[in-house]
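Undergrad: Need the complex rebuilt from these two chains, each delivered in its own frame; the hints are there to steer you.
Sequence lines, in order, name chains Z and Y. Here the first sequence is numbered in the working numbering, starting from 1 and rising by one per residue. Here the second sequence is numbered in the working numbering, starting from 1 and rising by one per residue.
Worth flagging that the hints you see were computed from the coordinates, not collected in a lab. Keep in mind that this is a model prediction, so the values were computed, not measured. Built from N, CA and C at the ideal position, the CB exists for glycine as well. Hints may contain errors.
What the hints assert, rightly or not - Taking beta-carbon pairs under 7 angstroms as the criterion, some of the chain Z residues facing chain Y (in silico):
(1) Ala12
(2) Gln62
(3) Arg103
(4) Tyr104
(5) Thr106
(6) Asp107
(7) Pro142
(8) Glu319
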Amino acid sequence: MGETMNYRQVIARALADELAADPKVIFIGEDVGAAGGAFKSTVGLHERFGSDRVRDTPISEQAIVGAAIGAAMMGVRPVAEIMFADFAGVCFDQIANQLAKFRYMTDGQARLPVTIRMANGAGGGFAAQHSQPAENWFLNIPGLKIVVPATVPDLYGLMRGAIRDDDPVLFFEHKNLFAVKGEVEDGAGPLPLGVADVVRRGADVTIVATQQMRHRSVEAAERLASEGVEATVIDPRTLVPFDDDAVADSLRTTSRLVVVQEAPQAGSWGASLVARMVTGHFDLFDAAPVLVAADDTPVPYAGTLEDAWLPSVDRIVTETRKLVSY
Amino acid sequence: MWTIRFFEDEVKELFTRNLVRGSTHLCQGQEAVAVGVCRALSAGDTMTCTYRGHGAVLAMGAPVDRSFGELLGRAQGLCGGKGGSMHLADLSVGALGSNAIVGGHLPTSVGAALASQYLRTGAVSVAFFGDGATNIGAFHESLNLASIWKLPAIFVIENNHYGEYSPLEATTPVTRLADRAASYGMPGVYVDGNDVVAVRAVARDAVARARAGDGPTLVEADTYRQQGHSRSDPGAYRPDGELDGWIARDPITRLSDAVVAAGTLGAEQVGAIRDEVLRDVKDAAERAIAWPQPEPEARFANVWAERS
Ligand SMILES: Cc1ncc(C[n+]2csc(CCOP(=O)(O)OP(=O)(O)O)c2C)c(N)n1
Numbered sequence: 001m002g003e004t005m006n007y008r009q010v011i012a013r014a015l016a017d018e019l020a021a022d023p024k025v026i027f028i029g030e031d032v033g034a035a036g037g038a039f040k041s042t043v044g045l046h047e048r049f050g051s052d053r054v055r056d057t058p059i060s061e062q063a064i065v066g067a068a069i070g071a072a073m074m075g076v077r078p079v080a081e082i083m084f085a086d087f088a089g090v091c092f093d094q095i096a097n098q099l100a101k102f103r104y105m106t107d108g109q110a111r112l113p114v115t116i117r118m119a120n121g122a123g124g125g126f127a128a129q130h131s132q133p134a135e136n137w138f139l140n141i142p143g144l145k146i147v148v149p150a151t152v153p154d155l156y157g158l159m160r161g162a163i164r165d166d167d168p169v170l171f172f173e174h175k176n177l178f179a180v181k182g183e184v185e186d187g188a189g190p191l192p193l194g195v196a197d198v199v200r201r202g203a204d205v206t207i208v209a210t211q212q213m214r215h216r217s218v219e220a221a222e223r224l225a226s227e228g229v230e231a232t233v234i235d236p237r238t239l240v241p242f243d244d245d246a247v248a249d250s251l252r253t254t255s256r257l258v259v260v261q262e263a264p265q266a267g268s269w270g271a272s273l274v275a276r277m278v279t280g281h282f283d284l285f286d287a288a289p290v291l292v293a294a295d296d297t298p299v300p301y302a303g304t305l306e307d308a309w310l311p312s313v314d315r316i317v318t319e320t321r322k323l324v325s326y
Numbered sequence: 001m002w003t004i005r006f007f008e009d010e011v012k013e014l015f016t017r018n019l020v021r022g023s024t025h026l027c028q029g030q031e032a033v034a035v036g037v038c039r040a041l042s043a044g045d046t047m048t049c050t051y052r053g054h055g056a057v058l059a060m061g062a063p064v065d066r067s068f069g070e071l072l073g074r075a076q077g078l079c080g081g082k083g084g085s086m087h088l089a090d091l092s093v094g095a096l097g098s099n100a101i102v103g104g105h106l107p108t109s110v111g112a113a114l115a116s117q118y119l120r121t122g123a124v125s126v127a128f129f130g131d132g133a134t135n136i137g138a139f140h141e142s143l144n145l146a147s148i149w150k151l152p153a154i155f156v157i158e159n160n161h162y163g164e165y166s167p168l169e170a171t172t173p174v175t176r177l178a179d180r181a182a183s184y185g186m187p188g189v190y191v192d193g194n195d196v197v198a199v200r201a202v203a204r205d206a207v208a209r210a211r212a213g214d215g216p217t218l219v220e221a222d223t224y225r226q227q228g229h230s231r232s233d234p235g236a237y238r239p240d241g242e243l244d245g246w247i248a249r250d251p252i253t254r255l256s257d258a259v260v261a262a263g264t265l266g267a268e269q270v271g272a273i274r275d276e277v278l279r280d281v282k283d284a285a286e287r288a289i290a291w292p293q294p295e296p297e298a299r300f301a302n303v304w305a306e307r308s
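Isolated chain Y (complex conformation) (with noise of 0.2 angstroms):
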């Protein structure tokens, strides 16, 4: 979580030095989602997810520096430079890619679950998207369609309250968003999404039922993005109070607050942890920041898959 929390710092840092382009989604707050859903994954399993998307990414273990390559749009950069913040994608650890389409990527989850059960692999596909995702057409069809086929699916509202500046009650007629399950015939569950171990048992679970060929479960992970919608974005429409509450929940103060409790770790101990994960994400957003840009040919290239 705190390689996440250090990234997305890095990359405000790199945005207002004009150094990464567009704009950037940041998934501050939520990190527990992210990396409680992928610890629970084997090898082989794959997760898509939105532009709000570098945690979920780095949770699946992608490196660190190419992961800040690809922002910086450098040639080492996870996509060579094509992607982006918004499509970042390393298929080498099962991360088939972020999408800057709300909902685009959850029928591609449910092809990747469809793959896994034609080609008996045993993979368990997870799909992570917002809670505003769930008014989207695609939404409807992948969960209906992995239910009826009872593909090893995963679908995972990260319900953060806001679809951009939207609250969460102004567009959707349901407040708990774990009952949409119900109308495709599928466990529906809600779990605190700041609670990282928490939610970790709750997708244990989902994917177990995956595994079995029991079919997809919808999860709502409970949490809040402590930062605005994107880069443009002061917050502003935060009724006073929304956000102070919500950081004092936070998932990784309540994570090491837990582990300093139970006496598994001392207060040093987790501090010295904390340094090094810091020094370590600060060390690869200097490597990357030196690698050279693409040069401009390669923008040919993969357009084709090259005839084999």
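Isolated chain Z (complex conformation) (with noise of 0.2 angstroms):
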């Protein structure tokens, strides 16, 4: 038993949930409180917790995450939202220099209990500046969990461990999952990062994706079941730790390994397991792994663009046909 949502009201679900258990969070961004979230995806938490708690920030990101920083090292819990994941940019220092090696620098004086909450991805047509799949700008930079739910119960219990982590959180929720429905069970409580969710298991060939590209490829699995091809479906659901050992299972008994992300491969969480797996793992594969990625390219705005940008159901099954046929 337990109560049906969607991705977007999760959100709203976990927070709250982890602002009643414990009085050090606090949560913090822009629009969040009175508003409702520029999303609604965390209505009625000003209304329950009040503005000490959950506070309105004026548009100010280097400031909401380094304000995050400085709470976190003095005792506190923030949750910060950047609203879109594209505005990351404009406080690319306070992440990528304060945040992340912070602990590091000081030798393990503080610890940064810190999530950073943003809206990710691509397919909504909000074209280049508020599209991209950037989880993969952090992947160069140690210090950073990275988690990338994408079914309601991942995102409800991801989201919790990741409150209650004691390290810096990026916590990307894509904004085109907002209407997936899913079931939050009785009594779920918190997810530990870093374990993969196997959604599938086939003996032909696995598959690795995240966010709605693992909804594509469960769904390009169901076509290739009707051609008899069986698919294992992967979802790491963090990238940051990432959970090899799940992927390297899974190719004990399909020797065939299918990367699907929704970016470009450069400098890719996707490239990046392909050459762990390859050098880890060459023994377990029978042919060349293949990393199905968008395009080299800006997101584009029109529909017929972003549409052939992204990975399409019909490439995966294109590309995953032809590696098992090898």
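TA: If you want it as structure tokens, here you go:
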């Protein structure tokens, strides 16, 4: 038994449950309070917890992240919202130079339990400055955990896990999944970061995908099943730490790897995963792995262009079929 | 102030002996700002500063030997040898970190003030930064946010008249930096930054305002760095006579002269204190030099919080 809600609603539910569980948790961001969030994903929190704990800020991304850092150093557990993930560019210094490495530079004199929530990704027609799969920007910065939930129960459990984590966590909510429905079990609690979800099992090929590409990959796997090709679909759910074992275990059965990602190839989590698997587990492969990625262009606006830019179910099916027939 | 001055003298020496890596940014001539402000603080208050932050971190009470140890990259350094000159921090005395990104620590300082307000600790948070930093976006965002939330924060401009090699007039359209406070609805106070007593008085007022819940203050302390910007800078761009004029107003000489003139201490007593401080600093440096470098394996520690 549980409660059915959508991805957008479960954001507020998870935040509310953590705010209720721990008085050290506060939540700050632009229009997150009285207005209920630019995406209406934080409705009701301000009324319930008050403006001391759910705080509206000016349009000041550097100050928002910096304030979260300083407050965390002094014992608060702040959740900060950067409305669109693209705006992380405005406070990149605070994330990359301050948040990620303060603990290291001071040799562990403080913990930084900061969670930064950001609306991520393409597919909604928001064009190039509001659609980037920004999670890849941060892969090259040790010290940040990166969470990319695709489903309602995952978002719920991982959000609670992120807020309880003693390290900085970048929490990417995919805005093209806001309407996806799912169930939060009664008594559901925090999920650990770094544990993949094996969504589906099949012996022929391993497909690894996150967020909306997970949903497309599951659809592709179902189509392939009707042709007699059985795929395992793995959603890592967090990119840092990454559950390499789940992928390697699956390769022991399938010997074939397809990684599907929303972003261009260069410097991406998919490219890193392929590199790690090939260098660490070459013996497990019967064929070269495939990285299904977006094009090396900014995200275009028009529907036809954006659709073509994002890896489609058709493309995942075609690439996987080719790999399996190798 | 002598501790800081002699610490910096020693750092210069250690640097020429190749014992200090990278670069150092000395604050000689600016000691009265760090000491005047930090002396107005109480236990539990916090401070953030820049790469020119040796003085402020020492003024908060960080141990001199472990501060040397950090510059020397020793395992017993304040940050285990992971921070160095530009990243000195000692959270146990409220020194929340020196920052090598111009203006990067101002938002953090706002956060420490937010924690004080939210947790009702009564702590005040101070940020030191240069005149050049007042042209950085993070400065404006930080003052605005601190003011709108009435946070117990103090922003201290150490106006040493140069941003790296550029004189203030070349980069900044206003001459009185304290005036910038007007945009953020907070008091902007100008003070002679080479007069430690005046600085402490101004800081006490700002601390009282902050603790009373009346919000932040911007302080402009007018001072001068007697060295170049960093170890690689001889300061050749300074007009003739400028440095001499400021050395004539050296904050340490001024204080010791004033103390003697007022009859509080005799000249010999002042000299004896000076010699004692010098000896202590030299001893601390020697201790730190003898400490071992960190084991290479230590580089993996403290990327992440250990699981609790
Ligand atoms: C964001 C950033 N830009 C540029 C630099 C290079 N830089 C280091 S110190 C400095 C001058 C800063 O001047 P000011 O703020 O007046 O401080 P001061 O060094 O005089 O104490 C510059 C430009 C930097 N460290 N960070």
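Undergrad: With reference to the structure, classify each hint as holding or not holding.
TA: Tested hints:
no.: 1; hint: Ala12; result: violated (21 angstroms)
no.: 2; hint: Gln62; result: holds (5 angstroms)
no.: 3; hint: Arg103; result: holds (6 angstroms)
no.: 4; hint: Tyr104; result: holds (5 angstroms)
no.: 5; hint: Thr106; result: holds (5 angstroms)
no.: 6; hint: Asp107; result: holds (3 angstroms)
no.: 7; hint: Pro142; result: holds (5 angstroms)
no.: 8; hint: Glu319; result: violated (35 angstroms)
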